[in-house]
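Novice: Those protein sequences? They're chains E and C, same order as listed. Numbering-wise (my numbering), the first sequence opens with residue 553 and increments by one. Numbering-wise (my numbering), the second sequence opens with residue 553 and increments by one.
In short, the hints are calculated from the structure, not lab data. It is possible that some hints are incorrect.
One copy or two, it doesn't matter: identical chains are merged, so the pair holds either way.
Simulated crosslink set (BS3-like; lysine-lysine; CA at most 30 Å straight-line) [stated by the list, open to error]:
{"#": "1", "residue 1": "K827", "residue 2": "K864"}
{"#": "2", "residue 1": "K833", "residue 2": "K815"}
{"#": "3", "residue 1": "K746", "residue 2": "K555"}
{"#": "4", "residue 1": "K815", "residue 2": "K884"}
{"#": "5", "residue 1": "K943", "residue 2": "K815"}
{"#": "6", "residue 1": "K815", "residue 2": "K864"}
{"#": "7", "residue 1": "K743", "residue 2": "K555"}
{"#": "8", "residue 1": "K1009", "residue 2": "K833"}
{"#": "9", "residue 1": "K864", "residue 2": "K833"}
{"#": "10", "residue 1": "K995", "residue 2": "K752"}
{"#": "11", "residue 1": "K708", "residue 2": "K746"}
{"#": "12", "residue 1": "K948", "residue 2": "K815"}
This one's a predicted model, so the numbers in the text were calculated from it and none came from an experiment.
These are the residues of each chain, in order.
There are 2 protein chains.
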Amino acid sequence: MSKLIQVTELILRDAHQSLMATRMAMEDMVPACEDIDKAGFWSVECWGGATYDACIRFLNEDPWERLRTFRKLMPNSRLQMLLRAQNLLGYRHYEDGVVDRFVDKSAENGMDVFRVFDALNDIRNLERAVAAVRKSGKHAQGTVCYTVSPLHTTAKFVEMAKRLMDIGCDSICIKDMAALLKPQPAYDIVKGIKEACGDKTFVHVHVHSTTGVTMVSLMKAIEAGADCVDTAISSMSLGPGHNPTESLVEMLEGTGFETRLDKDRLENIRAHFEKIRPRYKEFLSNIIGVDTAIFDSQIPGGMISNMESQLKQQGAADRMHEVLAEVPNVRKDAGYPPLVTPSSQIVGTQAVFNVMMGRYKVLTGEFADLMLGYYGETIGPRDPKIVEMAKAQAKKPSITQRPADLLKPEWEELRSAAIALKGCNGSDEDVLTYAMFPQVAAKFFGTRDQGPKNVGKDPAKAAPPASAPGQPAAASAALSGPVTYKVELNGKAHKVVVSPA
Amino acid sequence: MSKLIQVTELILRDAHQSLMATRMAMEDMVPACEDIDKAGFWSVECWGGATYDACIRFLNEDPWERLRTFRKLMPNSRLQMLLRAQNLLGYRHYEDGVVDRFVDKSAENGMDVFRVFDALNDIRNLERAVAAVRKSGKHAQGTVCYTVSPLHTTAKFVEMAKRLMDIGCDSICIKDMAALLKPQPAYDIVKGIKEACGDKTFVHVHVHSTTGVTMVSLMKAIEAGADCVDTAISSMSLGPGHNPTESLVEMLEGTGFETRLDKDRLENIRAHFEKIRPRYKEFLSNIIGVDTAIFDSQIPGGMISNMESQLKQQGAADRMHEVLAEVPNVRKDAGYPPLVTPSSQIVGTQAVFNVMMGRYKVLTGEFADLMLGYYGETIGPRDPKIVEMAKAQAKKPSITQRPADLLKPEWEELRSAAIALKGCNGSDEDVLTYAMFPQVAAKFFGTRDQGPKNVGKDPAKAAPPASAPGQPAAASAALSGPVTYKVELNGKAHKVVVSPA
Chain E
553 MSKLIQVTEL
563 ILRDAHQSLM
573 ATRMAMEDMV
583 PACEDIDKAG
593 FWSVECWGGA
603 TYDACIRFLN
613 EDPWERLRTF
623 RKLMPNSRLQ
633 MLLRAQNLLG
643 YRHYEDGVVD
653 RFVDKSAENG
663 MDVFRVFDAL
673 NDIRNLERAV
683 AAVRKSGKHA
693 QGTVCYTVSP
703 LHTTAKFVEM
713 AKRLMDIGCD
723 SICIKDMAAL
733 LKPQPAYDIV
743 KGIKEACGDK
753 TFVHVHVHST
763 TGVTMVSLMK
773 AIEAGADCVD
783 TAISSMSLGP
793 GHNPTESLVE
803 MLEGTGFETR
813 LDKDRLENIR
823 AHFEKIRPRY
833 KEFLSNIIGV
843 DTAIFDSQIP
853 GGMISNMESQ
863 LKQQGAADRM
873 HEVLAEVPNV
883 RKDAGYPPLV
893 TPSSQIVGTQ
903 AVFNVMMGRY
913 KVLTGEFADL
923 MLGYYGETIG
933 PRDPKIVEMA
943 KAQAKKPSIT
953 QRPADLLKPE
963 WEELRSAAIA
973 LKGCNGSDED
983 VLTYAMFPQV
993 AAKFFGTRDQ
1003 GPKNVGKDPA
1013 KAAPPASAPG
1023 QPAAASAALS
1033 GPVTYKVELN
1043 GKAHKVVVSP
1053 A
Chain C
553 MSKLIQVTEL
563 ILRDAHQSLM
573 ATRMAMEDMV
583 PACEDIDKAG
593 FWSVECWGGA
603 TYDACIRFLN
613 EDPWERLRTF
623 RKLMPNSRLQ
633 MLLRAQNLLG
643 YRHYEDGVVD
653 RFVDKSAENG
663 MDVFRVFDAL
673 NDIRNLERAV
683 AAVRKSGKHA
693 QGTVCYTVSP
703 LHTTAKFVEM
713 AKRLMDIGCD
723 SICIKDMAAL
733 LKPQPAYDIV
743 KGIKEACGDK
753 TFVHVHVHST
763 TGVTMVSLMK
773 AIEAGADCVD
783 TAISSMSLGP
793 GHNPTESLVE
803 MLEGTGFETR
813 LDKDRLENIR
823 AHFEKIRPRY
833 KEFLSNIIGV
843 DTAIFDSQIP
853 GGMISNMESQ
863 LKQQGAADRM
873 HEVLAEVPNV
883 RKDAGYPPLV
893 TPSSQIVGTQ
903 AVFNVMMGRY
913 KVLTGEFADL
923 MLGYYGETIG
933 PRDPKIVEMA
943 KAQAKKPSIT
953 QRPADLLKPE
963 WEELRSAAIA
973 LKGCNGSDED
983 VLTYAMFPQV
993 AAKFFGTRDQ
1003 GPKNVGKDPA
1013 KAAPPASAPG
1023 QPAAASAALS
1033 GPVTYKVELN
1043 GKAHKVVVSP
1053 A
């Protein structure tokens, strides 16, 4: 009897986030839900990441209503979300009480599996969210963000997994957001985790397909003992997205592993999204095929398009080469953070500033915060000279405690502000929407009763692809004005305005 | 020290054959030749397959001149070609003397490695070509066409490889033209060949990427001892083409295997073809992403588009489903031939006839020939009732000898006919061009002095993709009129005209 390899289907979250800027409307997903529900997946990722933001910013759709609809349409499935730990689904640290509320409400509305990650792999940033998930009786998946640096060894990743299990995680996810995870490290890390944490530890592997090697990495991870892998239905796979679900099923034939997924259901899902995909042509990533330059630059594709647009706006598109060379320096100076939202944007923008104005002549507010410990601990030491510059510029000390420990209870204040908004229904869910995205929420509450808006178009009428479509919606939006840089920390806004010399 | 994994780069032949209907002009390849020559490939596939046909049919380019140019531009490289054994580069069996001449002239003009295959895996069809290559002092690579059927076992493939080594092949290629080779059989077959033929046997693996699993198959083949694998530079990879060269290089890091290719050269090659590719938009395959339905239907993508266009021309596009279900039946009745040019077209067209007119109410001339042994032996028995029908319709007996044994020396006749043509330069090369494609050659000789024609276009001006662009040029052309079916065997033309009832 072959070993069962479980599968998480990504079509309803990361697949359309990666391939079409998170723009897919709920009505384009609904017809596939019955087949998804009955295909035999271990879980269905369908919420979190940029979906919440995209719902209220672009689709006039209540993200909580989306969650409840998924719950109703997929009664047999574990629903899964991606949670940025203490950042929840926003871009700042939240106070613990807000974290608890968010997790409670998500569980209550139907979420089953919470994949919790922190951009710096700082365990302290995950602890509260993991505890909240455990308290709600749901599945807490602790995440190891995979990256490459002289300090990121197999032993370090295994050690982090061990610590995640120690704080009470139900399973471990190895998250490779930039398709950097090659077959051998995939094997070694999974093997290492199974040895360190015990054979029964449920190990889940998430990879993107951008570099063309990660289907092999999934195979090696499975050989090393991985229990579950993430894929996306083929008609919404590859490029900056994920490996195709059907290919995974076929790949395992005769290997002693099998998915036991229902192939007829998979074909129905495939056919549905093949019809839907062209409606979002305007938002489709223009990365087709593979990009292996990432291995040398360690810069994810979406980050490159961001930096390109920043340089273009300053009339310096020809300096991209210098910026690409500068990114690894900035990353080293910052103690080798993984490059994932928000650290990828922070490091990338600082590299642009360094090239345009001289190295560290100006620090962005976020980069200063990163250097001072306000995002948490990095794996490596941060350059002491630049830490001093950050102190001087930001006029605040460096910290070593958990960043959220500096925050005061904020629920009541958030609640008062939210219910004062026109169209707010007074529910905790609405307060949480306001807490995540105050400005966008205000606008959304006012227009919500007009109902969801489908931004997909008849393919014949669609415009050519946007310039940086691989990016999560919110990230692109936040960086649309690179010269004016806004930093929001603990509810206080800082602004850095920089003009080319 | 890691084991060296050799690589054959496919960009100059199979990559553009699979992705852009073999239309790439020589002038678009020339600027990349120095980098290709110096990147460290074991060989550079650059001739054969449909390139010869496309040169004279579409590009007004002398294929022999193309070969000589490659020879001059890549002095350090083994040049490699794909040869359809006794069919050479045409679509009929040639008499042995013509086979000898073709191989001699190819060697003389600069070819180093001859990959010889037969669509039915009938060793007798390969023997003469392999002997001719050996006599010329060049590298004879014997090919096992991979396919899936109840009779195609690992043991059978290994046995065929053993027989190929016994007739004097210098190496073995496992050729997976439809991306059906999954990781486990890839491992088992390579392992089996190494055990049966000795560890020193040079095993080369060729796969397409259509189904999304074959990068993993390359990994498993390498683990089993494969010495050399085929890939295409990333900017001309994936879809119905091949796995990306750069991804292969990266994939092997830390595994105990390495390619030692020059990554800077690879980047130059990639960047060159990234610029060239959009010029051929009009011919680009519309298969993007993967197609795993092939595993169940065992019907390669290009064959499906062909059958679709045949059905459409008869106003029966809605019967595709029945045709897809009929193909495996026809294949079984014919003794399970691999589906590759020309057997894929023969089986596919008969399936269309069966659905449109009733099972075997009319046999195509080619299908009758296949049933009577005129293409060679198949692995399984052919249905005796249909063999009798074929005898009655074709008015000839079934045969068991090597088909080419029925042919009389034909060189002098070909020579006389060729040199009588306007523009023929009297060389053996021109006679061979005439022998391969008599009608097209006649036209080509007349226009040759106008020089090569580049059918690539400024992308802004290019038309939308053609309907069946994954197909080799010649195959599409040969099947453009499915209702009128022409059979040419031993120089004699048969015509079957069929109208829907």
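Novice: Each of the hints needs a verdict: does it hold here or not?
Specialist: Verification of the hints:
| no. | hint | in the structure |
| --- | --- | --- |
| 1 | K827 / K864 | between (35 Å within a copy, 21 Å between copies) |
| 2 | K833 / K815 | within (27 Å within a copy, 33 Å between copies) |
| 3 | K746 / K555 | both (16 Å within a copy, 29 Å between copies) |
| 4 | K815 / K884 | between (46 Å within a copy, 24 Å between copies) |
| 5 | K943 / K815 | neither (58 Å within a copy, 42 Å between copies) |
| 6 | K815 / K864 | between (47 Å within a copy, 28 Å between copies) |
| 7 | K743 / K555 | both (16 Å within a copy, 23 Å between copies) |
| 8 | K1009 / K833 | both (8 Å within a copy, 24 Å between copies) |
| 9 | K864 / K833 | both (24 Å within a copy, 28 Å between copies) |
| 10 | K995 / K752 | neither (48 Å within a copy, 71 Å between copies) |
| 11 | K708 / K746 | within (14 Å within a copy, 39 Å between copies) |
| 12 | K948 / K815 | neither (58 Å within a copy, 45 Å between copies) |
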